[in-house]
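Trainee: With chain A's structure known, arrange chain C on it following the hints.
The chain contents come next:
There are 2 protein chains.
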Amino acid sequence: MSKKLINDPDNLISELIAGMLSAHPKHLTTQGVTGRAIVARNGPREGKVGIVIGGGSGHEPAFAGYVGQGLADAAPLGSIFASPSPAQIVDAGLAANGVAGVLFLFGNYTGDVMNFAMAEEEMAKHGVTARSFVTTDDVASAPPDQIDERRGIAGNFFVFKVAGAAADQNASLQEVEEAARRANAATRTMGVALSACSMPQTGKANFEIPDGEMEIGMGIHGEPGIARIPAESADAVTDRLMTPIHSELGLMVGDKVAVLVNGLGSTTLLELYLLHRRVAEMLSDRRVEIHNSWVGEYCTSLEMGGASVSLMKLDDDLQAWLDHPCDTPALQIGAPRDPLIASAPNIPNPRSQEANSPTNL
Amino acid sequence: MSKKLINDPDNLISELIAGMLSAHPKHLTTQGVTGRAIVARNGPREGKVGIVIGGGSGHEPAFAGYVGQGLADAAPLGSIFASPSPAQIVDAGLAANGVAGVLFLFGNYTGDVMNFAMAEEEMAKHGVTARSFVTTDDVASAPPDQIDERRGIAGNFFVFKVAGAAADQNASLQEVEEAARRANAATRTMGVALSACSMPQTGKANFEIPDGEMEIGMGIHGEPGIARIPAESADAVTDRLMTPIHSELGLMVGDKVAVLVNGLGSTTLLELYLLHRRVAEMLSDRRVEIHNSWVGEYCTSLEMGGASVSLMKLDDDLQAWLDHPCDTPALQIGAPRDPLIASAPNIPNPRSQEANSPTNL
Numbered sequence: 322m323s324k325k326l327i328n329d330p331d332n333l334i335s336e337l338i339a340g341m342l343s344a345h346p347k348h349l350t351t352q353g354v355t356g357r358a359i360v361a362r363n364g365p366r367e368g369k370v371g372i373v374i375g376g377g378s379g380h381e382p383a384f385a386g387y388v389g390q391g392l393a394d395a396a397p398l399g400s401i402f403a404s405p406s407p408a409q410i411v412d413a414g415l416a417a418n419g420v421a422g423v424l425f426l427f428g429n430y431t432g433d434v435m436n437f438a439m440a441e442e443e444m445a446k447h448g449v450t451a452r453s454f455v456t457t458d459d460v461a462s463a464p465p466d467q468i469d470e471r472r473g474i475a476g477n478f479f480v481f482k483v484a485g486a487a488a489d490q491n492a493s494l495q496e497v498e499e500a501a502r503r504a505n506a507a508t509r510t511m512g513v514a515l516s517a518c519s520m521p522q523t524g525k526a527n528f529e530i531p532d533g534e535m536e537i538g539m540g541i542h543g544e545p546g547i548a549r550i551p552a553e554s555a556d557a558v559t560d561r562l563m564t565p566i567h568s569e570l571g572l573m574v575g576d577k578v579a580v581l582v583n584g585l586g587s588t589t590l591l592e593l594y595l596l597h598r599r600v601a602e603m604l605s606d607r608r609v610e611i612h613n614s615w616v617g618e619y620c621t622s623l624e625m626g627g628a629s630v631s632l633m634k635l636d637d638d639l640q641a642w643l644d645h646p647c648d649t650p651a652l653q654i655g656a657p658r659d660p661l662i663a664s665a666p667n668i669p670n671p672r673s674q675e676a677n678s679p680t681n682l
Numbered sequence: 322m323s324k325k326l327i328n329d330p331d332n333l334i335s336e337l338i339a340g341m342l343s344a345h346p347k348h349l350t351t352q353g354v355t356g357r358a359i360v361a362r363n364g365p366r367e368g369k370v371g372i373v374i375g376g377g378s379g380h381e382p383a384f385a386g387y388v389g390q391g392l393a394d395a396a397p398l399g400s401i402f403a404s405p406s407p408a409q410i411v412d413a414g415l416a417a418n419g420v421a422g423v424l425f426l427f428g429n430y431t432g433d434v435m436n437f438a439m440a441e442e443e444m445a446k447h448g449v450t451a452r453s454f455v456t457t458d459d460v461a462s463a464p465p466d467q468i469d470e471r472r473g474i475a476g477n478f479f480v481f482k483v484a485g486a487a488a489d490q491n492a493s494l495q496e497v498e499e500a501a502r503r504a505n506a507a508t509r510t511m512g513v514a515l516s517a518c519s520m521p522q523t524g525k526a527n528f529e530i531p532d533g534e535m536e537i538g539m540g541i542h543g544e545p546g547i548a549r550i551p552a553e554s555a556d557a558v559t560d561r562l563m564t565p566i567h568s569e570l571g572l573m574v575g576d577k578v579a580v581l582v583n584g585l586g587s588t589t590l591l592e593l594y595l596l597h598r599r600v601a602e603m604l605s606d607r608r609v610e611i612h613n614s615w616v617g618e619y620c621t622s623l624e625m626g627g628a629s630v631s632l633m634k635l636d637d638d639l640q641a642w643l644d645h646p647c648d649t650p651a652l653q654i655g656a657p658r659d660p661l662i663a664s665a666p667n668i669p670n671p672r673s674q675e676a677n678s679p680t681n682l
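Protein sequences appear in the order of chains A and C. Just so we're aligned, residue 322 is where the first sequence starts under our numbering, counting upward by one. Just so we're aligned, residue 322 is where the second sequence starts under our numbering, counting upward by one.
If we strip away everything but chain A, and leave its shape as in the complex, we get (with noise of 0.2 Å):
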């Protein structure tokens, strides 16, 4: 389980980044002084607020997946598992300003706490209005009475969708801090590990689940889940998981959600699909509408096995917000909007000027 394709482990989150660049060059640059801050080609641009999100390495595709036209400006790298830096974040921050306050997204860790809220600080030196906000969908982390003890974990994917799209719409930073807290209070994650990964640095893993049993709401760093239960079907797991969220989420007849079936590493697409199946069959039962699903590797754990169920209740606002466009390595939706990252050359792209007008926006 050791058996890794790196090279010198010191050099692990530089080659990341240099392979990043590499795969997305007309996506992604760096910026700033750590070489820790990867930053949208087509992002920030004056008078927008800057978005930037970010955490430990080792979650693949987040979160410099993200980074690109319509969701992140700028994403600092942290180490695997660890916080980025106050230097780093605020490379990221100062990449991503636009004279219109930049918002921090992060998951609710102490580390990410405490180094964003230092880069904060560090922004203001600068001249730059930085706030943060914390995303706290995992309901695993601390019962409902402690809501804001909670982890982010997966359902971050949408708190950071809303948050980028009403940024490209212009929205004030006081506007899109509000829109994150609407998609994050709509947000509901729960998840199960199976099996767990191990460390790049020492080879060894991070935790152990034996054969024949699985945990229910372990975090995506190892941190300790509410049950060790003997294995089961995937219907009975997606049940697990969607009880709690389809408590909390209040959800009624009528009522519209996102889907993220997300998988943790290694687990198949294949069994992502059969969580979903029964994911739509249970909203289906109660006669909630799925708006869209994601199903795949949007928040990992290095090679974890086991997965995690998010959804967002919508209304016509996060709805809209999701449906924006965005060009990210990670994740596409509607057209690309500038000639230097259209994908099709060959083909007259009457969009291309139009949507970088700001009136159509």
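Everything labelled a hint here was simulated from the structure, so no lab data went into it. Keep in mind it's a predicted model, so treat the numbers as computed, not measured. Since no wrong hints were added, every one of them can be taken at face value.
Have a look at the derived ranges for each label pair, beta carbon to beta carbon:
#: 1; chain 1: C; residue 1: Asp606; chain 2: A; residue 2: Ala526; range: 35 to 43 Å
#: 2; chain 1: A; residue 1: Met439; chain 2: C; residue 2: Glu602; range: 33 to 41 Å
#: 3; chain 1: C; residue 1: Glu442; chain 2: A; residue 2: Glu534; range: 45 to 53 Å
All C-beta atoms in this analysis are idealised placements derived from N, C-alpha and C, irrespective of residue type, glycine included.
Mentor: Below, chain C alone, put in the same frame as chain A:
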């Protein structure tokens, strides 16, 4: 390693199909008597050559993930690592039929070759001309003088894309077949396996690779490779994979390529980016230009550990076909054309109608 999120293994493929349809209802439907043919809602149309891709399940997102407008019209789903039956293929073929002929595209495996040939005959009885094109991109599976004996692996991604684009541009059956031939001739893949996958039916591994070893050239169903070697660094492995690819394609200064770094299942995206970093470095040293790259899981082998590198050497036609828009669950290039699947209903899309007129294709 044998823990999986499944229900009754006997229902695995029908539940996979139900899961895919539930997640992608705007893209996918089923058609035919076998229940095993996934069909693009906006793919088949009168006068267009029907594109059918297929093979066994267990390679998700291949093959059904590439069904959609501009790419494949239908995919019959075989059982895990097993060819679809002739009846299942015929279901897909009839669904894809637009009275301009149907092209079957699949990897070079005995079962597939036999079953697709039988389906061709069956199609003829229905009055539909179907022809088969077999992909053979795996350099490790036979020497250059037996190139037609080679297996088809992840590089089929490029062949499907090119054929799908040519068909979408209303090329004739013969022209689409010729496009596929050119794409296949310009594509080479080589892979490395680090760890086995286990069969959903039995929970047993299909082979074993001891700790500290890797196998170069292993097939996507565990077919023996060409060398079992001590584990190496990402760079050293990439050099091993790239050397024969580079040499067989005869890449020269000024040439252009498309790159696919494909994960086989449990290898992380982080590692795949490290491989791409080295691929890009080698190509840059030789002054070969990368036109476009894909890094991720495009043709898996359940949760096998390992990766493959595919290169397609581009000419102007291949490049244009690669850039041609498509909208499928696993691959979206350019703007969705059909209003039904446009993802941004709140924004006017002047392309939607124009691009549907044949003059624009």
